[in-house]
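K.L.:
Assembly of the complex is requested from the two constituent chains, each provided in isolation within its own frame, with the hints serving as guidance.
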Amino acid sequence: MYKIQFFPREKISAIKSFAISLASILLAFLVSGIIFVLTDVDPILAYYNLFRSFTNLSLLSESVVRAIPIMLVALGLALAYKANFISVGGEGQIYFGGIIATSLVLWNIQNNIVPEPLFMPITLIVVFLCSSIWGIIPALLKAKFEVNEVLTTLMMNYIAQIISNYLVIGPWKDPKGYGFPHSPAFPQYARFPLIPNTTINSSIYIGLFAALIIYFILSKTKFGFEVKVVGDSYPTAKYAGISYTKVVCTVMAISAGLSGLAGLSILGGVIGRLRPDFSPGYGYTGIIVAWLCNLNPIIIIFGSIFFGGLLVGGEVLQSSMGLSVGVTDVFQALMLIFTLSGEFFKRYRIVWRR
Amino acid sequence: MDPITILTTMFILMVQEGSILLLATLGEILTERSGILNLGVEGMMCFGALSSFIAYYVTGNWVIAVLAAALAGASLSFIHAFVSITLKANQTVSGLAITILGLGLSSSLGRPLAISRVRIEPIESIKVPILSDIPIIGPSFFNQNPIVYLSYFMVILLWFILYKTSFGLNLRSVGENPSMADSLGINVFLTRYVATTLGGALCGVSGALLILGYYPSWYDGITAGRGWIAVALVIFSSWNPLYAFFGAYFFGLVGTLNATFQSIGFRIIPTDFFRTLPYLLTIFVLVIFSSTRFRRRKMPASLGKPYTREL
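Protein chains in written order, with our numbering: chain A, 1 to 354; chain B, 1 to 311.
Hints in this document: simulated from the structure, not taken from any laboratory. All values derive from a computational prediction rather than experimental measurement. Ideal placement from N, C-alpha and C gives every residue a C-beta, glycine not left out. One or more hints might be untrue.
[Said to hold, decoys possible] Short, incomplete list of chain A residues facing chain B, as computed with Cβ under 10 angstroms:
#, residue
1, Ile35
2, Thr152
3, Leu154
4, Met155
5, Met156
6, Tyr158
7, Ile163
8, Asn165
9, Gly281
10, Tyr284
11, Trp291
12, Thr328
13, Met335
14, Glu343
Just chain B, with the same shape it has in the complex (with noise of 0.2 angstroms):
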């Protein structure tokens, strides 16, 4: 094989995989810049990814599918959003909750589609006209199916949305600091519920791009720690949209080496080794954008902090 015929292959791969990680990252964005840590990630990916495989199946319609799994994540996280924001409970714990809850939902309700192995057609890639010629970046970026142009799409609007909208400024200010917020007339209640539940209905889409896109048969523990990923992923990008693209890209490539090295019939290193890149590259990724200087100035200051009004 030539090098290009590879690298296409392996930009594909990149942006199937990126893709997946990027809605879910830029949902969990939306949360935390609210001050909501949620670590249900992984469970509503699961919950959504089950609930667009059961829609499409019934509907055949790719579009009821997305709003059915972006219901299903915003369903969870509004059980999050409820018990640490009104009931101020622990939210790493609330957050563990909602992954096994999630996890635990899709795994008994898809039982009867794992064992019957029902299968659906993977919705069809549109080509960008003129964009998609473009040498190996045209065949990756621009001949994907429509829920990938929508995390391109999301990228530009929650970045639009966090800096330019007042909506945006009101939503960083009561993720910054909450009572001072509360002291300028915002609702800080209610902006943290907003942002928690659309940032689970954007996790919930993830798990729909999963299953439309490119696992069209349901198994159990289909997102296989793509949740977790993301959660460490919003670090990585320090909070901002714009860099969760780099960094859900990135992810996505060292997530394709598996596959690439296999289809090359590399054989020197067992590929098990890279199906553990991943994890491995997270927490090295977490070590240096964690220290101190990376990370004081970018995180939310009152992340998973609950806020109790002064009475």
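With the rest of the complex left out, here is chain A (with noise of 0.2 angstroms):
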């Protein structure tokens, strides 16, 4: 008889750290190719599908364009991440941005006070602070009281999507919109102009920059490092005397914002209205996103255009193969699950013992 035994690794080289990553990938690959198999799908045929986003110019400019939400998103849960606040409240925190930038689109259209050249920055900042509040609320109850914040923010999720829709069918419903279940357009001075020669809008240099100030908050502030401490040890926080209170609310009211933005950035690059479930769950894949890209910012980038292009090719695989959407959710979870296990063989070594 054989003995597996796992003793802890002092150390991993980068290249057997990258081959147990790159392993992980393959096999959610494998085991979502069974799953094909086993529900009648070529596996072969889907993949193709599932990947033409990345081989066709077209489809390849709308994964970039799908990615903008969810760089947004990832990379503001990457920061509460570090400081171990879990939030999953970015699907809630895109419908609060979505629902604030409505309001103020309609309250401009009505009263015509701000420029339309000012319109969009001061927009910007708006859905960010209140975007902010919403998200202080979980970070101040798990400050406070205690409260577990995947819970309060999915919670709050249900909440913002409800309204939203509610906002959308009942008093922002566009009167000239034929019964239609959608709020007035947005002006064009509320939507964000083409990258020229692409399809491309500019909300995309948001989320860029967005992951700049991220990296450097985390790498080269005072209160990066605060955040990691927090992160690492809550006691060890407590006795540098670093507030808990501050570092969870700060990280949550950048997260919120950022995914607040995210919200403005459907409606003002993509959609141009408000529209009922305008998510199509972007604040999900963004924590797959961060979590994958191993919270880092730089690399969020490149993660997000990778899943955008994994939400063209599961609509691709719907329009072509007749297959759900949800199938890039199972790819998703797969590639989450394994990149999590994987981390184990990274921390221990294996010994097999007669």
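P.N.:
Laid out in structure tokens, this is it:
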């Protein structure tokens, strides 16, 4: 009989670590391939369609457009996760940001107070600040009453989505919309212009800028250091005199603010009006991207484009092979599970003994 | 409508909604008592619902449908068990992954059902003699389908197992202090595997009740956050099956306010407000019950912490 034993590793070489990550992702492919076969789908054809977004230019730019909200959410979450604050509130914050943005647009259509060139900059700031307040709520509840943040942020997702859908079907419904449930269209000045010669809207600059800011905060500032100390060990942080309340409230203010901007980027960049259920789960994809990219802001830029491509690929699968977009969720979840499992083999080495 | 009729209708809806929450809450209590936090409840519930739908549609036998749901929940939670017990991964992230996996599987495998809009017949209620004649309580609690009765039974059974059997004592000690339990010769890993897998099976069964009892056609997102509310109910009920009974029906009652106010023509407050109530209430209850005074003595001390045997 062979016996398997695990010993903690002192350290791991970069090549080994990379090999384990790669193996995890390949295993996710393999297992979803098995699921494809079991459900009578040709896995090769399915993967070909799923990844067509990376070989076809118009699908690729569509993927980049999808990557913008994912990127904004994932960057914020990465900061929160560094402080060990497991927020899953991105989806609700997207809706909340969308609500604030639409209310500003409708208000300005009616009153015409803010001059057109100033409207977008002001909206960016207001959406960010309002979403921050929404995001600080679960942080305060955690800091003051030790309320589990996963549950509060999730409950707030449902609440924001219900409010947004209520507004769009009720008070904000477009009177000229032929009964369709959507708000009046955003005027041109409230939309992100396209980058010349592309179909990508300029809100991508916000995402890239945010990545640099988060990178800077985490690696170059005293606050970034405090975030990591709080995340690594709560007692150490307390001993070092770091205020837990201050740290989690700040990271959540930034995280929720960015997710709110993600909502604005969807409405002002793509849809051009408020619609029911306007986010197809970007907030949840952001969670996966943040973890898979190891909470690294720069890697998140590329991870978001990859997952944006997966979402587009999922729609190609749906239209060409009649599969549900849920397939991409399965694939995402499997990647997360295998990457998480791979962490074990980075921390422990395996010894076979007789 | 007279108040008795309104109250009776309300209580019937309350028991329907509450029993779904109850089964999932009991499952999560079993899991968390062993020290494992499984946030995959929503995914297991949804996948269980889909599995029971398909099994019932194919066989027409509700017992097989319930077993299929249990198996579906158990398989997902087994993945969580492997990742969090053997591979010692972050249980919060693993649980989230299980939820996304369960919802994704349900949505992709259930798509043909959602498109074709097939319907199944809800399983029939069985009247309990005598008890069902009590006004209000009778028609609501004692004129229900067998899975609801199973949920009452599970409350007692789980309470008995946890507090009156040696397995339950072992389970609780593993959740409180795994290294102590290990030194007393209890198999920590096996106990946690059993608790997590069986807990997942119960979450799957709660999905079966949702489908077989009240939602006879399939659509995406059918569980609507009930699994997450169940996770909150575990804290609310201080990890005790008996308190879970009251907590689940209290939340069930709040979940039915929307339908009740609609049926009596109450239109002063938009009904969407009532739809947010279960979620608002969950946050409110969490704030109260998470405070140190309520929680410190009740929460399994090793909850969410992987156990590593000293070499």
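K.L.:
Each hint: holds or not?
P.N.:
The hints, checked one at a time:
Proximity of Ile35/A to chain B holds as hinted, the smallest CB-CB distance being about 8 angstroms (cut-off 10 angstroms). Of the supplied interface hints, the one on Thr152/A holds, with its beta-carbon coming within about 5 angstroms of a beta-carbon of chain B, less than 10 angstroms. At about 5 angstroms, the closest approach between the beta carbon of Leu154/A and any beta carbon in chain B falls short of 10 angstroms, and the interface hint on this residue holds. Annotation: interface hint on Met155/A holds; nearest CB of chain B at approximately 4 angstroms, less than 10 angstroms.
Below 10 angstroms, beta-carbon pairs count as interface contacts, and Met156/A has one with chain B at about 7 angstroms; its hint therefore holds. This hint holds: Tyr158/A has a C-beta 5 angstroms from the nearest C-beta of chain B, less than the 10 angstroms allowed. Because the smallest distance between the Cβ of Ile163/A and any Cβ of chain B comes to about 7 angstroms, under 10 angstroms, the interface hint for this residue holds. The beta carbon of Asn165/A comes within 8 angstroms of a beta carbon in chain B, closer than 10 angstroms, and the hint placing it at the interface holds.
The beta carbon of Gly281/A comes within 9 angstroms of a beta carbon in chain B, closer than 10 angstroms, and the hint placing it at the interface holds. Hint status for Tyr284/A: holds, given a least beta-carbon distance of 6 angstroms to chain B, under 10 angstroms. Taking 10 angstroms as the C-beta contact cut-off toward chain B, the hint placing Trp291/A at the interface holds, the least distance being around 6 angstroms. Interface hint status for Thr328/A: upheld, as the beta-carbon distance to the closest one in chain B is roughly 7 angstroms, under 10 angstroms.
This hint holds: Met335/A has a C-beta 9 angstroms from the nearest C-beta of chain B, less than the 10 angstroms allowed. Interface restraint check for Glu343/A: the shortest CB-CB distance to chain B comes to about 6 angstroms, inside 10 angstroms, so the restraint holds.
This entry satisfies every hint, going by the numbered hints stated previously.
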